Amino acid sequence: MKEIKRYLETREGEYSFYFADLKSDYTYGFNEDLKMVAAGCIKLPIAMAVMKEVESTNIFLDQLVTITNDDKVSGSFGIIHELEGRQYSVKELIVAMLIQSDNTAACKLINTIGKDRINSIIHDMGLTSTFIKKYPSGEKEDFDNENITTSYDLCKGLALLSKGKVLNEEHSKFILEVIRRNQLTTGISFYWPKDFKVKTAHKAGSLEGIENDIVLLNSEKGDFVFVVMSRNLPSNVYGVSSLTRVGKMMFDIIDKDWN
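Per UniProt numbering, the sequence shown starts with residue 1, numbered consecutively.
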């Protein structure tokens, strides 16, 4: 993993990453505790918090939420803001938020539970450097007003889901299966073989000058979580290039050298 650190140190912008082998508990990080803008990656902890409220019977997956035209939030991706206003179940909103990174779905889920309650839940889960401060949107704001996390927290969240530590097995599997169907595939797993891509769970995040990605790779070698975050990029295309390169480097390390 040191070669990944060395590569990122040569790239323009600021980067952090965290790698965890869930079988051996081996970890390796670089700036993993650096607080970064989460962008769309914040939607994974949001989904975990929503599911925790479902388990507490404070809300229900089939509970209907009305979305009007006034509720719609634009963004690079998502479908709800393109459709006529109607009612959606909480389950449908989670799926739209995770598969298409739909901002309208994320905002309605936050409204349904409340920012303070979501922050309390995710902190109780151990994601203590993660803070939801604003409604997700395609507009980048000042750092102090943005949703914040670290590569360590995002890795921990995905690891907790994989191990079924904070949600029951059914709800953990539900979130993982949804993000395996994620439709945005220009990040860490871009250069991976197709048979690995289709079984990789991941959630990306992008704003101006920011490219982030989280992946869970299940393979014969074991189960691995890898997170890369970036900021102050010269361009987003440049950042995507960095993420895809380190993703290929990580895959090759596991495929060729991991025991």
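These are computed hints drawn from the structure, not numbers from a lab. A quick note: this is a predicted structure, and the numbers were derived from the prediction, not measured. One thing to keep in mind: the hints can contain errors.
[As the list claims (entries may be wrong)] Computed list of lysine-lysine pairs in DSSO-like fashion (alpha-carbon distance at most 30 Å, straight line):
#1 Lys-35 - Lys-133
#2 Lys-173 - Lys-72
#3 Lys-91 - Lys-194
#4 Lys-35 - Lys-163
#5 Lys-221 - Lys-197
#6 Lys-248 - Lys-134
#7 Lys-2 - Lys-133
#8 Lys-23 - Lys-72
#9 Lys-199 - Lys-248
#10 Lys-194 - Lys-134
#11 Lys-163 - Lys-140
#12 Lys-5 - Lys-197
#13 Lys-23 - Lys-165
#14 Lys-165 - Lys-134
#15 Lys-173 - Lys-163
#16 Lys-163 - Lys-2
#17 Lys-115 - Lys-197
#18 Lys-35 - Lys-165
#19 Lys-221 - Lys-173
#20 Lys-115 - Lys-194
#21 Lys-23 - Lys-134
#22 Lys-2 - Lys-256
#23 Lys-91 - Lys-2
[Unchecked claim] Computed spacing ranges between beta-carbons, pair by pair:
#24 Tyr-26 - Thr-185: 21 to 31 Å
#25 Glu-3 - Ser-24: 33 to 43 Å
#26 Asp-144 - Ser-24: 32 to 42 Å
Even for Gly, the Cβ is constructed at its ideal location relative to N, Cα and C.
What are the numbers of the hints the structure violates, in ascending order?
Numbers 6, 7, 8, 10, 11, 17, 20, 21, 23, 25 - these are the hints that the structure violates, sorted from lowest upward.
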